[in-house]
Amino acid sequence: MSLSTGLGMATANSRGEIIEVYYPQPELNPEDSQHRILSAAAGIAGDTSGFGEIADLQIQPLLDELRNAGLEATASLLGSVSGGDKTLVYCVEELEQAPASIPAAFLKLHLLSHRLVKPHGANLTGLFGVLKNLAWTDDGAIDLDDLPARQIAARKQGRVLDVQSVDKFPKMTDYIVPRGVRIADTARVRLGAYIGEGTTVMHEGFVNFNAGTLGTAMIEGRISAGVVVGKNSDLGGGCSTMGTLSGGGTTIISVGENCLIGANAGIGFPLADGCIVEAGLYVTGGTKVNVLDAKGEVIETVKAGSLSERKNLLFRRNSLTGTVEAVPTRTSISLNEELHSHN
Amino acid sequence: MSLSTGLGMATANSRGEIIEVYYPQPELNPEDSQHRILSAAAGIAGDTSGFGEIADLQIQPLLDELRNAGLEATASLLGSVSGGDKTLVYCVEELEQAPASIPAAFLKLHLLSHRLVKPHGANLTGLFGVLKNLAWTDDGAIDLDDLPARQIAARKQGRVLDVQSVDKFPKMTDYIVPRGVRIADTARVRLGAYIGEGTTVMHEGFVNFNAGTLGTAMIEGRISAGVVVGKNSDLGGGCSTMGTLSGGGTTIISVGENCLIGANAGIGFPLADGCIVEAGLYVTGGTKVNVLDAKGEVIETVKAGSLSERKNLLFRRNSLTGTVEAVPTRTSISLNEELHSHN
Amino acid sequence: MSLSTGLGMATANSRGEIIEVYYPQPELNPEDSQHRILSAAAGIAGDTSGFGEIADLQIQPLLDELRNAGLEATASLLGSVSGGDKTLVYCVEELEQAPASIPAAFLKLHLLSHRLVKPHGANLTGLFGVLKNLAWTDDGAIDLDDLPARQIAARKQGRVLDVQSVDKFPKMTDYIVPRGVRIADTARVRLGAYIGEGTTVMHEGFVNFNAGTLGTAMIEGRISAGVVVGKNSDLGGGCSTMGTLSGGGTTIISVGENCLIGANAGIGFPLADGCIVEAGLYVTGGTKVNVLDAKGEVIETVKAGSLSERKNLLFRRNSLTGTVEAVPTRTSISLNEELHSHN
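Chains as they are written, first to last, in my numbering: chain A, 1 to 343; chain B, 344 to 686; chain C, 687 to 1029.
No farther apart than 25 angstroms at their CA atoms in a straight line, the calculated lysine-lysine pairs in the PhoX-like style are these: (1) B/638 x A/303; (2) B/475 x A/156; (3) C/981 x C/997; (4) B/654 x B/638; (5) B/499 x C/818; (6) B/638 x A/288.
FYI, nobody ran anything at the bench for these hints, they're computed from the structure.
Between the sequences and the hints, there should be enough to build the whole structure, so can you do that?
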């Protein structure tokens, strides 16, 4: 059982309900004395999932207590998040347990994007039911019931309340920009994405929650929820990795290391290391594929899903016969050093 | 002949011309006494298309008149939109008539997004000629002639005037977020889109004006202008529905109920209920298709466009022969309840 | 040797280093007396690449000097950019030389987007190494080291610091909106793009730096770095032009005049005037293609790359045999006048 914790700034709706929490420095298995002090301040047990608020009046004594315990960094964090118009919360969440509250759900999404937990490393069962559908605006998260009045008020002031998204998940970069990444259009990476160091997500790239890249990667295609991409792989513009949430199959897709999925291509089965899918070709798990040897002879005809552990294959559609073929790769993938070395 | 009306907040450019109007509560066939009072205040006939401004000095007497007539809700709306730096307009527009002014054009786009009129339910002839190309910014709509000076001024204040779009159409959610929808990246849904209750538009989804979904739907592909999608259908990531405005054909495309268009697939003909297009396959109206029976025997070879009323077909490209085939579906589509029940 | 110059407003990080420059009116081969006066004020030689700062105290005498020299327009520009909290810089950059500083790199990107230099018309060698990876926010460019503290501070004020992009390149429209264009989602056009007059870039369109369109065009697909599109061409929704920076080949792609690349299609070789690629078909340089004559007889079988100078070909995949074919076009492309005439 692993405990995660976070000191967060919570947004409440007009009915006083917490709808969103920002944790600048979430932690996994935190230092014991810090955890004890913050749990006590928030009025929670601290050894199981739960959260509590820390009132304004508590801040000064809590700062003193943390400093007396030698927890200067924690005191500094507390100082920086308190004193504004947000509600302060301390949240404790067991990784293995389904999130039961909005603070717990946001904490787990933070853990993923802070790279403290890898995709599939935290229990996210029932997440859609816990999170509220919100308007994400330049004034922060707004309850949809509160939105129309806020929109009219903003117009009267000569500005527009910019509703950037209406969703259960905010964009990641409004919470954390992990070290060593470029994300050209941040609207396309949800909080809860795991973006490995050295990864560039271009404008057409997309990364859902509980999904991402484990190291250097060029992502110009879509990484669906649950999909993990190994290091040194390249997802071409507009390519697709089939998800399991909607419309796709039930097999969780992954992409190995040193893979290239061409532009506008797609996969519906896990791709082993060193594989290439040519631009424009969509290979689902059920696609029948002629496997060729190095001389171009057909060895066997199988469903692509059965090739998910075969490395160094190039998938292509023969442009004269229309047959989908898998042939041994002759080139190996190398990312453009210049594009990734300066992230 | 149907009359639509709206009390709106108009933005003017530096020459005093109206360039954009926001109607918080547009109406179809409005209550008669309210319509008479507002038409009179705006100095318009009220029984045909037209619009007029309501001056600041008129507001208080108008509020009194509305309250005396028992029109509390209308008075409340008037109170909330007046008193700012916007020009107040009352606009009347016949649905069946081509829009002749910017207030009229914006009113019709509002009607669609407020679900008061379905796609193709209002005459939009000449819309591109009526609407002005504008910069849509965090300070609202700005005339392109006024933009450079505003950009320099913003920089001097240490901020950037965020030009989010240069277009004739703004994004829908800055005007209305209809009930029961999620729209992950609002930049991709234009005002004038009709988004049915229960619809989720994911980051790669797109909905043009005069187009949309009639009920629950998962939209991760592009709904072109004029295209309507039936309920319980799923448009996979990056899929395309061919439009009629540019580069496409002349047939207006539609998607039936319980359809699935796979990721990166596309259609150039109307798709009947219960049909599936496999991921990565683009079927245009002119694509020759082998229609198979349940045993896999070829019944006929036809152009796909002639199949636009045939239900429960699966379109696929045989991965060994390269032939596009239409076969009876064996599975039926069901959306993921969890993704839509909490919108 | 061509000299370009710009009077710019520079943003510095918390260490006082210039990280970004905005040049409202960059120039190519500027008027001599103006150039001499500004170079002297900035303390630079003026006849080779270099840049210097102009201090607040210098502004008034410099304004006088410019006016005495009859340079009213320059004085007016100086007046409008000075007096804020930005650092004023004057930058001189030889087109043919690799950019050696951030002000130089930004100047060259401006030249492209101001249409003063066509794609490939300026030396951009080493650009990725010169530019810093930054957070592009509604408060302007922010150094990633400075970001977390700014994010917490914004939250305490009840707003969100909107991190729209984490990249080396900002979006073009925050710097310049060239005349006669529509760009539906500006997040998808980088500074350094060359967008020809009469071009519409729809929501799914994308234009990288050092790439673009030479005249009227409808862009709903992706123009990769280095790719140039001729006038009156139409790139359909989600279509791809293979780039040379990452994952693609080494041949620089171009699209001729009067071309149509269908939705979700793609090319990996230069496309000659009047060519069409059908929706959903990806043709790489190595794709083997059957070239047919007007009667439908196969003339030859060649790699598509060898057809890069053959005009008026339609590329399609035969939907019964799966063979990629190139046939003489029978229709010619015409853009929808209504969509472009009112830009």
